Amino acid sequence: MIIAPALAYRPLGTEDAGVAGKGMIQFEGSWDYLRWNDGLAEKNYLFVPIYGVTDRLELSTEITYMYHHNTDGTTASGAGDINLVAKFLLAEEGLKTPAFALKWVGKLDNGDYSAGLGSGDKDWSIFAVASKTAGRAVLHSHVGYTWVGKSKDANLRDIPLFALGIDYGATDLLHLLAEINGNRHPDSSATADPRSLLLGLTYKLSDKYILDAGSRWGFSAASPAWNATFGVSATL
Numbered sequence: 001m002i003i004a005p006a007l008a009y010r011p012l013g014t015e016d017a018g019v020a021g022k023g024m025i026q027f028e029g030s031w032d033y034l035r036w037n038d039g040l041a042e043k044n045y046l047f048v049p050i051y052g053v054t055d056r057l058e059l060s061t062e063i064t065y066m067y068h069h070n071t072d073g074t075t076a077s078g079a080g081d082i083n084l085v086a087k088f089l090l091a092e093e094g095l096k097t098p099a100f101a102l103k104w105v106g107k108l109d110n111g112d113y114s115a116g117l118g119s120g121d122k123d124w125s126i127f128a129v130a131s132k133t134a135g136r137a138v139l140h141s142h143v144g145y146t147w148v149g150k151s152k153d154a155n156l157r158d159i160p161l162f163a164l165g166i167d168y169g170a171t172d173l174l175h176l177l178a179e180i181n182g183n184r185h186p187d188s189s190a191t192a193d194p195r196s197l198l199l200g201l202t203y204k205l206s207d208k209y210i211l212d213a214g215s216r217w218g219f220s221a222a223s224p225a226w227n228a229t230f231g232v233s234a235t236l
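Using UniProt numbering, the letters of the sequence shown map in sequence onto residues 1 to 236.
For the record, the hints were derived by calculation from the structure and aren't laboratory data.
Here the structure is a predicted model, which is why all the values come from computation and not from measurement.
For every residue, glycine included, the Cβ atom is placed at its ideal position computed from N, Cα and C.
Treat the hints with care, as some may be off.
Computed Cβ-Cβ distance ranges for the label pairs, DEER-style [claimed, not checked]:
# : residue 1 : residue 2 : range
1 : T74       : S206      : 37 to 47 Å
2 : A79       : I126      : 34 to 44 Å
3 : L211      : P49       : 17 to 27 Å
4 : S215      : A154      : 31 to 41 Å
5 : R157      : D55       : 48 to 58 Å
6 : A76       : G135      : 38 to 48 Å
7 : A76       : S215      : 16 to 26 Å
Let the hints inform the model, and build the full structure from the sequences given.
And the structure:
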């Protein structure tokens, strides 16, 4: 099993070009429920501390705890593979040009491979990110590439990734979000690649706290049939 990076900002899987800012501390927490076409269900808890090293560089760690409910009635739970992340703002948004950023992800191999909680190897990813404001909407996009560790499974292959998302400010407090994203299946024998659509929203409780919720639908058997997500983001 490949544990893909959980990408900001919630609940989008599309990366954005924003960074926390020098000295800023942020946290993201979320609960996800995923159901696959074969009946497998997953519940994932994600915690992400973020620190702004400079005005252009932020570092973060993505920590997951997973529950797998298998079709044969067995269950498995435990910590998933941890992601170590760095994001660098290359260029701020201009009147006619988007903001650009690069993001690097190192996925560790700490998750229990035999229980399906980790890939059993380290992966390395890089993303090119662009964000642009258009009236009350902000468009986000990324293209990326993951170099997949293959020591546990030589049948695996590297993964190109893409995503396009939109954040529309319905009011000052309520934002509506949508995205499409996908990637090549890491299994070289797979006949379908993951593709999905997400619809979600965020609600600003205060300058420090934002709630979010979303629902994702898969377009192929390689994606979860359905995914619900709920989360909170905090800035200190």
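TODO: Could you work out which earlier hints the structure fails to respect and list their numbers in ascending sequence?
DONE: Result: hints 2 and 5 break, sorted rising.
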